[in-house]
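Heads up: the protein sequence lines correspond to chains A and B, in order. Here the working numbering is used: the first residue of the first sequence is 1061, the next is one more, and so on. Here the working numbering is used: the first residue of the second sequence is 7, the next is one more, and so on.
No wet-lab data here; the hints were simulated from the structure. Hints may contain errors.
Said to hold, decoys possible - Restraint ranges, calculated between C-beta atoms of paired labels, are given here:
#	chain 1	residue 1	chain 2	residue 2	range
1	B	Tyr161	A	Ser1232	51 to 61 angstroms
2	A	Trp1185	B	Thr21	58 to 68 angstroms
3	A	Ser1232	B	Gly145	48 to 58 angstroms
Said to hold, decoys possible - Rough simulated footprint, nothing fancy, chain B against chain A, three-plus residues with beta-carbon under 8 angstroms:
#	segment
4	1121-1127
5	1337-1349
As the list claims (entries may be wrong) - Below 27 angstroms or equal to it, Euclidean Cα-Cα: the simulated DSSO-like pairs (lysine-lysine) are:
#	chain 1	residue 1	chain 2	residue 2
6	B	Lys20	B	Lys190
7	B	Lys226	A	Lys1065
8	B	Lys214	B	Lys190
9	B	Lys20	A	Lys1305
10	B	Lys119	B	Lys190
11	B	Lys117	A	Lys1065
12	B	Lys117	B	Lys16
13	B	Lys226	B	Lys34
14	B	Lys214	B	Lys34
Note that the structure is a prediction, hence the values are computed from the model and not measured. Note that the Cβ used here is the ideal one computed from N, Cα and C, for glycine as well.
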Amino acid sequence: MSDTKRANAVRVILLLILAATALLSMRYGAINISPEDIFSSFKGYAAGSKNIGLNQRIFMDIRLPRVILCILTGASLAVGGSLLQALFRNPIVEPGLIGTSSGAAFGAALYFVLGATFKIEAGEWTLPVAACGGAMLSSSLVFLLARSGRTGKSSVVTLLLTGIAINALFMSGVGFLSYIARDPQARSVTFWGLGTLSGANWHSVIILGITALVCITLSLRLANALNTLALGEEEAQYLGVNIRKLKFQVLILNIVLVAVSTAFTGVISFVGLIAPHFARIMLGSDNRTLLPDSALLGAIMLSIADLTARMLLRPAELPIGIVTAIVGVPVFIILLRGKNYFF
Amino acid sequence: MLTLTNISYKVGNKTLLDNISVVFAPGKLNLIIGPNGAGKSTLVKVMSKQLPPWSGHVQLDDRGISDYSLPELARIRAVLSQHTDIAFPLNVQQVVMMGRYPHFTGRPSQKDKTACREAMRFFDVEGMAGRTYQTLSGGEKQRVQFARVLSQIWYPPDEGHRYLILDEPLAFLDVHYQFDFMQKLLELLRQQDMVIAGVVHDLNLAAKFGHHIVLLNQGKLLASGSREEVLTARNIETAYQVVPEIHRQNGGMHILF
């Protein structure tokens, strides 16, 4: 019982950290927005006032959606990571592993390069839709190619290796597109491939908000089944779990979570790997609590990363993927070399 | 009552099980023995719905196993394997509670918690409830798995039997633990509705504890019955290609090679 109490205390502290980070993110950036401005912009918008100052506008139209999108993206990527880790029975798996993010990057690159050349423009939805389409394509390719022709089952190792191959294929597709692209497009491809939250707006917040809420709620229903998977597939089946169905559900949830968030923010690596990992260390590996805990940690980590990305080269900003990678790679290597984990 | 009728199983053109019929009755310790590659594990997988038989059928009481859904089966039948690794650090309490998953969705009821506690007490792992599974010794781990599997079928179902299937669960354990587990199985058999069938490697263990012994060889049923009927010098020589010395004393039976 004292364990549960300790865990709940940790959760409260984490929530406070998230709140503090979110407030700092609202306050600081290319332009610092004073607490009075933040307050008055809420009041102004609530009253439907027409005379809203520039700072208030920046806060409401740019800063606030960005902070929320960042929290949602961090949570989605982290839950996607937890799901895949449970499925692969391996704590050093990240959601991009089954090709989802490279597919999304390819879809986005296609839009940047070909869209500009052939003047395809269907409004602000073109980029997210293209990225989602690419993610669906690459992930389903991995999923289909990893199925053994003889038994129709897909083993975890085959899935991992197929993921590596498909990732390489789609990344070289991205490379090719940026090679043939003209300069501004090539820059977009590069910037997007490194991840950025600068495109945040209320539309993306609403779409990702709905997807994240639905997918995370659905994943929680799979928590018990995912726990049994830690014993191995056979044991899980002896406990009444339909493995094929579970694998399918987990992959679909992961693809939707990662594809939708990647569509708005570009490729952000390592959050999906490291957030669940710290959640395990701090709060335990029971998926019933791990999934929400990872969401919380993912949100905190990405918020801190975004704040860092905005503050370092102010008023310019660093792509957030660079920040997460600089922190993520060493942590990943330390984990990999640690004796606690095994393939 | 677990009934196997004319079970065959093939992979490619290799026959792993060849027309096996056997009945595992409640109240008896049913033990399956046989040399490596005899088909013991395959038989266990077929009778626990892990593999569909190529021909023949498996019945629990009067109902074919293929009529049961996996969750339905999990509520009356538990399976314990040789050894179980757990991919993530979980504590003993969490591992044992997995045995109750087939019985609840969301949060465990008081009944589920009681089953876990009692199963842990039965296998003497109560004291380690809060410890991380990965830090336990081999023997302790297997006791925790035993508790998990037992909690799964802790309460008698409304009708019919409960089934406990064991796939060489004692293979990596010391003699002390092996005897201890066998004694506990005998204790469990006092519950009228409990059907226990399991694979053991050690012939002497089978001779000491088995009420009904099934000897497999090259996918065929070589002998089935009491230890006197099955563990004859001839049968053992046929299956294991070694001539045994069989000693009897004080109603016990010892097989030497």
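query: Lys20 (chain B) and Lys190 (chain B): Cα distance at most 27 angstroms?
result: 38 angstroms, violated
field: Hint consistency between Lys117 (chain B) and Lys16 (chain B) [alpha-carbon to alpha-carbon, up to 27 angstroms]
entry: 42 angstroms, violated
- prompt: Do the alpha carbons of Lys226 (chain B) and Lys1065 (chain A) lie within 27 angstroms of each other, as the hint requires?
  reply: 57 angstroms, violated
field: Restraint status (C-alpha distance of Lys214 (chain B) to Lys34 (chain B) at most 27 angstroms)
entry: Holds. Lys214 (chain B) to Lys34 (chain B) sits at ~13 angstroms (cutoff 27 angstroms).
query: Using the C-beta atoms of Trp1185 (chain A) and Thr21 (chain B), is the stated range 58 to 68 angstroms upheld?
result: 59 angstroms, holds
message: Lys226 (chain B) and Lys34 (chain B) were given as a pair; does the straight-line alpha-carbon distance stay at or below 27 angstroms?
response: Since the Cα atoms of Lys226 (chain B) and Lys34 (chain B) sit roughly 22 angstroms apart, the hinted pair holds (cutoff 27 angstroms).
task: Starting from the range 51 to 61 angstroms, see whether the pair Tyr161 (chain B) and Ser1232 (chain A) falls in it by beta-carbon distance.
output: With Cβ atoms ~58 angstroms apart, the hint holds.
task: Quickly compare the C-alpha distance for Lys117 (chain B) and Lys1065 (chain A) to 27 angstroms and report which way the hint goes.
output: Since the Cα atoms of Lys117 (chain B) and Lys1065 (chain A) sit roughly 23 angstroms apart, the hinted pair holds (cutoff 27 angstroms).
Pairwise hint evaluation, Lys1305 (chain A) against Lys20 (chain B), where the allowed Cα distance is 27 angstroms at most: Distance of about 30 angstroms is beyond 27 angstroms: violated.
Given pair status - Lys190 (chain B), Lys214 (chain B), alpha carbons within 27 angstroms: 14 angstroms, holds
query: Is it true that the CA of Lys119 (chain B) sits at most 27 angstroms from the CA of Lys190 (chain B)?
result: Given that 27 angstroms is the threshold and the Cα spacing comes to 21 angstroms, the pair holds.
message: Is the coverage entry for the segment 1337-1349 of chain A by chain B consistent with the three-residue Cβ rule at 8 angstroms?
response: holds (count 4)
Of the numbered hints listed earlier, those contradicted by the structure are 4, 6, 7, 9, 12.
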